[in-house]
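J.: Can you make the complete structure from the sequences, with help from the hints?
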Amino acid sequence: MRRTAHAFILLIVSGSVVAAQRGGGGGGQQESAGPFGALRWRSLGGITTALTWLFGAHIVLSVLLIIGVFNHLRVLSDKETGGLVFDTKAVNDANAFPAAMIVLLGFLQITIFVLLVIWLYRAAKNNEALGRQSPRLGPGWAIGGWFIPIAQFVIPFIVMDDVWRGSDPSIARGDPGWRRSSTLGAIWAWLVFVVIWLIPSTIASSSGDVRADEPDKVRRDDILRIIGSFGAVVAAVFAIVVIRRISARQEECLRTQQAAAPAT
Numbered sequence: 055m056r057r058t059a060h061a062f063i064l065l066i067v068s069g070s071v072v073a074a075q076r077g078g079g080g081g082g083q084q085e086s087a088g089p090f091g092a093l094r095w096r097s098l099g100g101i102t103t104a105l106t107w108l109f110g111a112h113i114v115l116s117v118l119l120i121i122g123v124f125n126h127l128r129v130l131s132d133k134e135t136g137g138l139v140f141d142t143k144a145v146n147d148a149n150a151f152p153a154a155m156i157v158l159l160g161f162l163q164i165t166i167f168v169l170l171v172i173w174l175y176r177a178a179k180n181n182e183a184l185g186r187q188s189p190r191l192g193p194g195w196a197i198g199g200w201f202i203p204i205a206q207f208v209i210p211f212i213v214m215d216d217v218w219r220g221s222d223p224s225i226a227r228g229d230p231g232w233r234r235s236s237t238l239g240a241i242w243a244w245l246v247f248v249v250i251w252l253i254p255s256t257i258a259s260s261s262g263d264v265r266a267d268e269p270d271k272v273r274r275d276d277i278l279r280i281i282g283s284f285g286a287v288v289a290a291v292f293a294i295v296v297i298r299r300i301s302a303r304q305e306e307c308l309r310t311q312q313a314a315a316p317a318t
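In terms of this note's numbering, the sequence shown is residues 55 to 318.
One or more of the hints may lead you astray.
Unchecked claim - Listed next, with one range per pair, are the computed distances between beta-carbon atoms:
{"id": "1", "residue 1": "GLY194", "residue 2": "ASP147", "range": "41 to 51 Å"}
{"id": "2", "residue 1": "ALA243", "residue 2": "SER188", "range": "18 to 28 Å"}
{"id": "3", "residue 1": "ARG309", "residue 2": "VAL157", "range": "12 to 22 Å"}
{"id": "4", "residue 1": "VAL114", "residue 2": "PRO316", "range": "43 to 53 Å"}
{"id": "5", "residue 1": "PRO316", "residue 2": "ARG94", "range": "15 to 25 Å"}
{"id": "6", "residue 1": "VAL157", "residue 2": "ARG233", "range": "11 to 21 Å"}
{"id": "7", "residue 1": "ALA243", "residue 2": "PHE161", "range": "47 to 57 Å"}
Worth flagging that the hints you see were computed from the coordinates, not collected in a lab. All figures in this text were calculated on a predicted structure; none of them were measured in a lab. C-beta atoms are modelled at their ideal positions from N, C-alpha and C, and glycine is treated no differently.
T.: Spelled out as structure tokens, the structure:
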């Protein structure tokens, strides 16, 4: 099932990227030639704004999930007597709100994922339009890198790091020294908190349906969900910082190169 879901999402993402590339600058996106007209430049403004709002919604839902899980733990503690839960219905009812938040977060995460892959692909192509040659990983990895087990935690962030370095406006077009530009710490902080989010959340979800009369297991899963949700909140904050700073820096680099280009 998981492989099928990955294949389905890959199909959606690939189709969305192709449509975005063929469809011009739609959706309020500005489209213009690169500084020397060699490659097509795609503004990240509209998709960056959309992702900012979506990550903001993810923060809100994650906070609500944390509140709901804490309430579930409170009800669990109230209903325990001598290590036994005597009112499983109350415990199960208290889990309804966290369960609803998890479902909403799942749908939101799919939307964020699709837009984020498109955003990263466009940013990587913009790097080429800025004359940044020989990146560690080409634009294709901005799509495929998300679907390689374990490596999916590293490859997209390496692409982001190249995009950040390549958008340094102080480095002239065609200068291979762009690869030695300083990194953005928020990119790697984002990765760290993505791991803090996913590992506990995956463990909690993989345990299946835990009976309310198994308080130790219920409590363990709730604690894991709280840790994972905290990681999700911080990861979303760093995500907003990264995508907004990269988008602004690419625009600044484009303006700098255009200003330095010889008049024709």
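J.: Taking each numbered hint in turn, which are not upheld by the structure, reported in ascending numerical order?
T.: 3, 6 and 7
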